[in-house]
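Number of protein chains: 2
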Amino acid sequence: WQPLTVDGEQRLRRVFKFKNFAEALAFTQRVGDLAEEADHHPALLTEWGKVTVDWWTHKIGGLHRNDFIMAAKTDRVYSS
Amino acid sequence: WQPLTVDGEQRLRRVFKFKNFAEALAFTQRVGDLAEEADHHPALLTEWGKVTVDWWTHKIGGLHRNDFIMAAKTDRVYSS
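Residue numbers (the numbering used here), protein chains in the order written: chain Z, 1 to 80; chain C, 101 to 180.
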């Protein structure tokens, strides 16, 4: 996970690689389901063979402990 | 749809609005399914309440007739 700033807000970003579009899309769906359960929502950029995930807390304009927890959960979805 | 240039390649972009994250994610899934059927793949940025769709043809480094067809099909998914 890389910290970066988008529109003045700190985010955590990681790019996850896949072997085609369908697998990338399936991962987006799984991370999206995780987000809905937690009521905390990332930005998910789905492209051929990769998904770029950004976690941040818009309400505080940056990173909260919860973002790090969601990042760890995202990693777990990827490795399962 | 707006034409724009990303990494030196022309793309068509449109932002679709939704009332929450779940509806945005469902739209991403439907456009992704459309892409798989056509074997032509967009970039889909899913966020709370919106999805940004980019169509372009990487092989030619820009826009092909097919991208305009996929854009029209994406509009149809949105309005259905």
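Think of the hints as simulated: they come from the structure by calculation, not from any bench.
Incorrect hints may appear among the rest.
What the hints assert, rightly or not - Simulated restraints, written as ranges between beta carbons of each label pair: (1) I60/Z / R176/C: 19 to 29 Å; (2) K150/C / E37/Z: 16 to 26 Å; (3) K50/Z / V115/C: 16 to 26 Å; (4) F68/Z / S179/C: 19 to 29 Å.
To be verified - Calculated lysine-lysine pairs in the BS3-like style (CA-CA distance at most 27 Å, straight line): (5) K17/Z / K159/C; (6) K119/C / K173/C; (7) K119/C / K19/Z; (8) K59/Z / K117/C; (9) K150/C / K17/Z; (10) K173/C / K19/Z; (11) K173/C / K73/Z; (12) K19/Z / K159/C; (13) K19/Z / K59/Z; (14) K173/C / K50/Z; (15) K50/Z / K117/C; (16) K119/C / K159/C; (17) K73/Z / K159/C; (18) K119/C / K59/Z; (19) K173/C / K117/C; (20) K59/Z / K173/C; (21) K59/Z / K159/C; (22) K73/Z / K17/Z; (23) K19/Z / K73/Z.
Unchecked claim - Derived coverage of chain C by chain Z (criterion: at least 3 residues anywhere in the stretch with Cβ under 8 Å from a Cβ of chain Z; other residues may be distant): (24) 111–125; (25) 134–141; (26) 144–155.
For every residue, glycine included, the Cβ atom is placed at its ideal position computed from N, Cα and C.
Hint numbers contradicted by this structure
Violated hints (numbers, rising): 1, 4, 7, 11, 13, 16, 17, 20 and 21; every other hint is consistent with the structure.
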